[in-house]
Structures are given as structure tokens and as C-alpha cells.
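*Asks:* Listed below are the residues making up each chain.
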Amino acid sequence: MGLISIFANFWLGKLNLQALPPNAIQWFGAILMLSVPIGLALLLTVKKKWKWLYKEWLTTQDPKKIGVMYILVALAMLLRGGADVMFMKTQQSISVGHNMGILSASHFQQIVSAHGTIMIFFVAMGLMFGLINLIVPLQIGARDVAFPFLNATSFWLFFAGMILVNASLVLGDFAATGWLAYPPLSELRYSPTVGVDYWIWSLEIAGAGSLLAAINFLVTIFKMRVKGMNFMKMPMFVWSVLGSLMLVAFAFPILTVTLGLLALDRDLGTHFFTAGGGGNMMMYVNLIWAWGHPEVYILVLPGFGVFSEVVSTFARKRLFGYTSMVWAIGAIVLLSFLVWLHHFFTMGAGSDVNAFFGIMTMIIAIPTGVKIFNWLFTMYRGKIRLESPILWFIGFVVIFTIGGMAGVLLAVPPIDFQLHNSLFLVAHFHMMIVGGVLFADFAAITYWFPKIFGFKLNEKLGRFTFWCWLIGFLTSFIPLYILGFMGATRRLNHYSASLGWQQLFIVSAIGAAIIGLGVGAQILQFVVSIIQRKNNLDTTGDPWDGRSLEWSTPSPVPFYTFARLPHVTERDAFWVAKRQKVEDKRPYEDIAIPKNSPLSMVIALGAFLLGFGIVWHIWWLAVSGLLTIIATIIIRSMDEETEYVLKASDVERLDKQYRMQTKTRETKLAVEV
Amino acid sequence: MSEAVTQTLNIIKSNKLIAKYDKDARDIFGFWVYLMTDCVLFASLFAVFAVLRHNTYGGPGASLLFSMPYALVETIILLTSSFTCGLAVLSAQLKHNKRVLFWFIVTFALGASFLGLELNEFHNFIAMGDSWRRSGFLSSYFVLVATHGLHITLGLLWIAVMSVFVLKRGISDLVMKRIRMLSMFWHFLDVVWIFIFTIVYLFGAIRV
Ligand code: HEM
Ligand SMILES: [Cu+2]
Numbered sequence: 001m002g003l004i005s006i007f008a009n010f011w012l013g014k015l016n017l018q019a020l021p022p023n024a025i026q027w028f029g030a031i032l033m034l035s036v037p038i039g040l041a042l043l044l045t046v047k048k049k050w051k052w053l054y055k056e057w058l059t060t061q062d063p064k065k066i067g068v069m070y071i072l073v074a075l076a077m078l079l080r081g082g083a084d085v086m087f088m089k090t091q092q093s094i095s096v097g098h099n100m101g102i103l104s105a106s107h108f109q110q111i112v113s114a115h116g117t118i119m120i121f122f123v124a125m126g127l128m129f130g131l132i133n134l135i136v137p138l139q140i141g142a143r144d145v146a147f148p149f150l151n152a153t154s155f156w157l158f159f160a161g162m163i164l165v166n167a168s169l170v171l172g173d174f175a176a177t178g179w180l181a182y183p184p185l186s187e188l189r190y191s192p193t194v195g196v197d198y199w200i201w202s203l204e205i206a207g208a209g210s211l212l213a214a215i216n217f218l219v220t221i222f223k224m225r226v227k228g229m230n231f232m233k234m235p236m237f238v239w240s241v242l243g244s245l246m247l248v249a250f251a252f253p254i255l256t257v258t259l260g261l262l263a264l265d266r267d268l269g270t271h272f273f274t275a276g277g278g279g280n281m282m283m284y285v286n287l288i289w290a291w292g293h294p295e296v297y298i299l300v301l302p303g304f305g306v307f308s309e310v311v312s313t314f315a316r317k318r319l320f321g322y323t324s325m326v327w328a329i330g331a332i333v334l335l336s337f338l339v340w341l342h343h344f345f346t347m348g349a350g351s352d353v354n355a356f357f358g359i360m361t362m363i364i365a366i367p368t369g370v371k372i373f374n375w376l377f378t379m380y381r382g383k384i385r386l387e388s389p390i391l392w393f394i395g396f397v398v399i400f401t402i403g404g405m406a407g408v409l410l411a412v413p414p415i416d417f418q419l420h421n422s423l424f425l426v427a428h429f430h431m432m433i434v435g436g437v438l439f440a441d442f443a444a445i446t447y448w449f450p451k452i453f454g455f456k457l458n459e460k461l462g463r464f465t466f467w468c469w470l471i472g473f474l475t476s477f478i479p480l481y482i483l484g485f486m487g488a489t490r491r492l493n494h495y496s497a498s499l500g501w502q503q504l505f506i507v508s509a510i511g512a513a514i515i516g517l518g519v520g521a522q523i524l525q526f527v528v529s530i531i532q533r534k535n536n537l538d539t540t541g542d543p544w545d546g547r548s549l550e551w552s553t554p555s556p557v558p559f560y561t562f563a564r565l566p567h568v569t570e571r572d573a574f575w576v577a578k579r580q581k582v583e584d585k586r587p588y589e590d591i592a593i594p595k596n597s598p599l600s601m602v603i604a605l606g607a608f609l610l611g612f613g614i615v616w617h618i619w620w621l622a623v624s625g626l627l628t629i630i631a632t633i634i635i636r637s638m639d640e641e642t643e644y645v646l647k648a649s650d651v652e653r654l655d656k657q658y659r660m661q662t663k664t665r666e667t668k669l670a671v672e673v
Numbered sequence: 674m675s676e677a678v679t680q681t682l683n684i685i686k687s688n689k690l691i692a693k694y695d696k697d698a699r700d701i702f703g704f705w706v707y708l709m710t711d712c713v714l715f716a717s718l719f720a721v722f723a724v725l726r727h728n729t730y731g732g733p734g735a736s737l738l739f740s741m742p743y744a745l746v747e748t749i750i751l752l753t754s755s756f757t758c759g760l761a762v763l764s765a766q767l768k769h770n771k772r773v774l775f776w777f778i779v780t781f782a783l784g785a786s787f788l789g790l791e792l793n794e795f796h797n798f799i800a801m802g803d804s805w806r807r808s809g810f811l812s813s814y815f816v817l818v819a820t821h822g823l824h825i826t827l828g829l830l831w832i833a834v835m836s837v838f839v840l841k842r843g844i845s846d847l848v849m850k851r852i853r854m855l856s857m858f859w860h861f862l863d864v865v866w867i868f869i870f871t872i873v874y875l876f877g878a879i880r881v
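Line by line, the protein sequences give chains A and B. Here the first sequence is numbered in the working numbering, starting from 1 and rising by one per residue. Here the second sequence is numbered in the working numbering, starting from 674 and rising by one per residue.
Rather than coming from a laboratory, the hints here were simulated on the basis of the structure. Each hint should be verified, as a subset may be incorrect.
Stretch-level coverage of chain A by chain B, calculated; a stretch enters the list once three of its residues show a Cβ under 8 Å from a Cβ in chain B [stated by the list, open to error]:
1. 221-228
2. 275-287
3. 495-501
4. 632-643
Derived DEER-like restraints, expressed as beta-carbon distance ranges [said to hold, decoys possible]:
5. L823(B) x I31(A): 38 to 46 Å
6. K850(B) x G330(A): 28 to 36 Å
7. L875(B) x E640(A): 44 to 52 Å
Residues from chain A that keep clear of chain B, each with C-beta distances beyond 10 Å, as calculated [as the list claims (entries may be wrong)]:
8. S5
9. A105
10. S106
11. H115
12. A146
13. A167
14. H271
15. I452
16. I523
17. T628
18. D650
19. M660
Note that the Cβ used here is the ideal one computed from N, Cα and C, for glycine as well.
My request is simple: use the sequences and hints to build the entire structure.
*Replies:* Structure (C-alpha cells):
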């Protein structure tokens, strides 16, 4: 007996049969989760598509494809996070008085934590990095990113983190600590299961991916802009991404450290955040928000960038106040690091400190306001086309303004003492993130879809989706403000009937259902658009009469991206070039293109094994994961032939072919050589 | 060949050179950005150390544990290794493969001795019962210093790999660029160590 348990302990760590789901509802979740990869695998086998998948997608180093993969994963995770909402809203609508609802308290807390974690790290971040991959190189006139292999590795690390979060549905449990896992609750003493470890390691891995991606795109933007595009001629989306990624570069190392220290507390018995032993819990809260507040701007800045592009394109005007926009981004980047304490006014910092951070917080609302006005002035007297991307923008303005005003209220410390950790706070940040990030991403997907796939999305269903989201969202979250005022706290799984909250919770659940309808419509939109793509082909490469360089390429963008590098003399380079009508007579040149490589995936596999091994204390697995990573990097470093050359003559042939097929307007971005 | 064609060819050739130069500049710049993020990582650990410095929880404090001469020897060894690493880069620029190897070996030996001293110090503390489990102060000390040590370990691995490269492939442009980055990394670790020496050992000894 002793021998067997030693044996099992070595090979399996803490993993045993009790790790399987304990009850019917959790089995349901596990099976639902497993059915997706199994279903996909079956489909691929039946259709004999494995090889295609491997060659075209899994090993690719092309940012356009990597971007698509990011977005697909993020949309899948949106469904996962949405399924969590279904459970939460059902529980909160019925768990009143004697009725304890459908979920145990611990399971409810796990679902809430998973929802927050997944939505922030795997939906919002995934959509953001997807868009950055798709659009930034195109907009700055670059054929690729600075480090293509690193880029693929970043994606696969993100993917590995995603798998680890979802593995917790099948094996073990997830953190029941909220999405930021404050100690001492998240310490081993009070959370002895593997839930918090899953949380730590999935974020540690995905976070490493984000950090590497940020380095990559910072270098890309700094060093690879096409000739003539100086900083003040960059499209506003690129500026916003630049601001956001600078925040990533400064903030994510803090997250890495914070999570790492919590892991050490749990696994090696250190005393960083423990209640005893000389630990300091408040330090965790400070550290996590020193990352966390910048994080909210990391998410929202690219969203602002998307709206800048959409608004000026659909209003057919130059962006109003370009320079002030740039300054606003700069101010936001700087101020983001000076407001973190507003997340814990109530934790005893003293009134002088609270006052300082309260004022800083109100100040950060100013550059944000500047941007809103700039967009409105851009629309003013523009010839606006009310298509769905601009609808998302209008929805954003409504929601974001309400949420922003709630934020400024929360920035007043005495008010925050009343509303901290209430549903009012929940309403505030959902308005900011759904309005500012998700709506922007939906606008972006609609806007850039034809560029990537060569046909537009169905507009009718797009509008229907938008209205479902807008109405559903307001119905779902306005009641939360009221409930917050009435004293309802966040993460509430049960309340007394006498409080009279149930109606509002039910209204909120109905709102969520309307959003669900919107999500359904969105899926339908993709399906219908693909089936009827012949009706919506983008034969010009420039379906919206766009302004920046991405619209100068044929749609879908060829794998070599630009046959000839564009030349930039002005802001809104393509818009200007369209009016100049100069023919491009430059010779074509050889193009170096990175070869496919499976090694990015292998590195991420190593990271997954490392994470999974530590979560379950399977040390041989963790060590093999680590060695896999190191060995793969060394092997990769020995390969000097990582690119192949596409001959100028081939580029010419392909380009002419492409333009014949798609009837793209000849790009008039000419220069004298 | 007509004039125009040769001219075009020349332009394409020089474009290629520029492209290569651009690519190297990009790689070096990217490495700087990475080092900066690593700086933030260490800065966070220093902040943690500063917060927990006096949380000895009944255990020994800095002035009791640390020996200045010991830390000074470590420092001198590491600084010397930075110097020899610099010599390796110089020799690489002159394409003296053998000298590069020699200086790499010296650097590796110095780095490894530094690491040995550090591990020995850890071992002594742990043997006295003052491990990272003892107090918040010791947790932060161990993790800060060990994070640096972990970086040194990676640096050693990198030196070893680069030595093999020099041996097998000579000093190509690619190898030269990587040697440059390696030396940036190594100098960076030196700077971090200076901070550790000052904030952990020196301030500890003089009881700031
Ligand atoms: C108009 C500027 C903003 C102000 C004045 C503001 C103010 C605040 C304040 C004071 C809190 C803390 C409330 C409490 O915990 O009691 C807070 C929380 C939060 N805000 Fe904002 N905020 C602003 C913009 C944003 C933006 C743009 C986002 C996201 C894109 C955002 C996302 C969040 C999140 C996620 C939380 C809380 C997370 C948690 O506790 O779990 N905020 N905000
Ligand atoms: Cu904040």
C-alpha cells in the first residue's frame, strides 16, 4: 500500500479520481467543454483536414493568420464566459430566501472567478492581440512583424494558458477567489485545492505571451514603419496600440512577479502575502492593482484606436484633433500608473493618500473625455454612413459615458466607501469594458473582415446583433447600479427575500438573455455571410472608401502582403493617394518570407506541461516541460535558414494575377526610385 | 547589360544591405526592450524586499545574517566576469575565435563561482534554520537574490551555447549579433547585482 501510494504520488502528484467533477452540473460543464475539442478532432479526421490545418495554420508565422487564430480562440472563450453568465444569472434570479438555487456557494464563486478571468485575459486580450496582428503591420506598411517566430510563440502561449483555464472544468476545480484572488483567501490555508494554482499558472503563461507580443509589436512599430511614415503620420489605431503596448511592457512584469510570489507562498511556504509569518497582504493588493489599473487601459486604448479609424472612415473626414488625440494617449499612459489605489480606498490608507489618488483618478477622465469629443467633432458635418461599425460606436458613446460618470463618482473616496465592491462597481466596469472594448472589437471585426476574408459580413444580421447587445446590455446593467445603491454586494449567490431585490435581478437576467440572442445572431451572421459570400464579395480591396494603407492591398490580403511597399507622404496616406492617381512604375523586388515552424507550438506545449505539472505537483512533468522549452529554444537558435525568398518575378506575376482577379484599383502609391 | 538595368540591380543590392542592417538594429532594439521589462520585474522584487525588510517575525534580520566580506567577494567576481565578457566581445569583433573561446571560458568560470558562492550562502542560512519559510524578510531576500541567480544560470547556459556556436560555425554576423546581446544581458545582470549588493547587503549591514 505504502509503495503504491509513493508510486502514484511520484507519477501523478495530487491528481486522483477525486479530481473528477463531483456532481451532475459540473459533469455537464466538463462534458460540454470536452465535446468541443473532440468534435473538432472528429470533423478534421472525417474531412481529412489535419495536414491542411498543420501546414496552413498551426505552424504559420504569418501575422494575418495568427491574428485570425487569436480572434477565433477569443470568440470561443466569449461563449465559455457567456455560459458562465447563464449559470450566474439563473442562480441570482432564483436563489432567494429558502430557495438555494442551482449552485453551491463554492461552485458559484468558481464560476464568477472563471468568468472574470476568461473575459479579461482570454476574450478581451485575445481580441486585442488578434486585431493588432491583423492590422498594425498593414497600417504601417510592413510586410511582417519584427520577430515572426516570437509572434507565433506568443499566440501559442496564450493558447496554452487558455487550455489550462479550461482544464479546470474537467480535472480539479477553479479558484473561488474572484478574478484577482486576494490573499489571505487565495493562500493555501484558505484555498487548499488546485483552483488558485490553475488561475496563477494559466495567467502566468498567457501573460508571458502578452509580454513577448508587446515587445514584438513595439519594435515593429518603432522600427518597421514604411518610408515616409513618421510618428505623426501613423494611423490613430497604431498610436493607440503603441500606448497600450507600452503599458503592457511596464505592467505585465509586475503581474508576473505578483503571481509568482503567490505561487511561492502556496508551493514553497514563503511568507509574502500570508496572514502570519511576517507576510503583508496589502502588498498583494497594491501590486496586483499596479498592474490592474494599467490593464484596463491596455484593453481600452486599442478600442479607442478602432473607433478613431471607424469614425473618420464612416464620416468621410479626417480625424478631428489628431495631435490632441496623441497627447491624450500619452497622458493616459502616464496617469495609468498613478491611480491604482482607487481600487482600495476602503483599506485604510488614510485620507491624504485617498485624496491624492481620488484627484488623480478624476484627472484621468479628462484625456478620455477629450477623445470622445474629438470623435464627435469628427462626425460633426461629416457625411455619415450609418452602417454597423458606426452603430457600435454610437452604442459605445452611450454606454461608456454612463460608465465613465459612474467611475468619476467612485473616484470620490467617501462615495466609494458606500459603493466599493457593490454591484454599482460591477456595473461601472462592465460599461467600460463591454462598451469600450467589446463593442470596439465587434466594430473592428465588421470593419476589417472583408480585408482579411475578401467578403463583407451580412449587414442586416449585424444590425440585429448590435441592437440585441445594446438593449440587452442596458437592461442587464442599469439594474445593477440600482441594486448597488440598495447595498447588493458583488459575487452574491444568495440573498434574503425581504430585501426586495429579486425583481431587479430578474430584469438583469432578462437583459443577459437578450445579449444571448445577440450572440446567437452573431454566430448566424458568420454562417450566413460565409454561405452567401458571393453576394458580398469585396472586389476592390477598399470596400468602405478607407483612408489608411491596409485598404491599398487586394482583399483578402495576399500572403506577401505588399507586392511593392507603399510610400507615405501624408497622414491618411491611402486617402490622399487615391486622389493623386499616379501610376506605380517601380520594379518589384525579392521578398523574404518566414518559413513555417512547429517549434512555437512545442514551446507552448512545454509551458503547458510546466504549468499543469506545478498545479498538480507532478514534478517530473513540470521539469520535462521546462526542459522542452529550453531545448526547443536552443534547437531553434541553430536554424539560420528561417526565411525563404519569393522572387521579384513571382511577386510581379502574383500581383498582376491578384489584381486581375479582384479588379483592385491599381494602387497609386508611387514614388520615384 | 544596359545602364538602367545595372543601376536597378545596384539599388536592389544596396536595399538588401540596408534590409540586413535594419534587421540587426531591430534585434538589438528588441533586446533592449526586453531588458527594460526585466528591469521592471526586478524593480517589483526590490519594492517587495523594501516592504518586507523589517518583517523578521522573530527571526534574524539582515545585520545578523549577512557578511559584508562575503558579498564583496561575490561582487568582485561578478564585476570581473563582466570585464572578461567585454573582452570576449572585443575579440569577437576582431574575429579571434580562439580568444573569444578563452574569454568565454573565463567568464563562465567566474559566473559559475559566483553562483556557487550564492548557493553556498543559501545553504548556510537554510542549515541554520533560516530558510525562506522563516519570515517575510527571508522570503523576500531569497526570492530577490535567487531570481538574479536564475538569470545568471540562464546566462551561463547561453555562454555555453554561444561557445559551441563559435567553435562550430566561427563568428558569422549572426553569431556576432548574439554575442553582443549576450554581453548586454551579462552587463545588465551586473547592474542588478550592484543594486542587490547596495540595498540588501550594504543597507542591511549598516542597519538603514
Ligand atoms: C473615466 C475614467 C475612469 C474612472 C474615473 C474610473 C474609476 C474607477 C474606480 C474609482 C474604481 C474602483 C471602485 C471600487 O473598487 O470601489 C474602478 C474600478 C474598475 N474600473 Fe474604472 N474608472 C475609469 C475608467 C475605466 C476604464 C476605461 C476601464 C476599463 C476599460 C475601467 C475598468 C475598471 C475595472 C475592471 C474596475 C474594477 C475591477 C474590480 O474591482 O474587480 N475603468 N474604476
Ligand atoms: Cu482603476
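*Asks:* Each hint: holds or not?
*Replies:* Quick rundown of the hints versus the structure:
no.	hint	result
1	221-228	holds (count 3)
2	275-287	holds (count 7)
3	495-501	violated (count 0)
4	632-643	holds (count 3)
5	L823(B) x I31(A): 38 to 46 Å	holds (41 Å)
6	K850(B) x G330(A): 28 to 36 Å	holds (32 Å)
7	L875(B) x E640(A): 44 to 52 Å	holds (45 Å)
8	S5	holds (25 Å)
9	A105	holds (31 Å)
10	S106	holds (29 Å)
11	H115	holds (28 Å)
12	A146	violated (5 Å)
13	A167	holds (27 Å)
14	H271	violated (4 Å)
15	I452	holds (26 Å)
16	I523	holds (38 Å)
17	T628	holds (15 Å)
18	D650	holds (15 Å)
19	M660	holds (25 Å)
Checked against the numbered hints above, the structure breaks hints 3, 12 and 14 and satisfies the rest.
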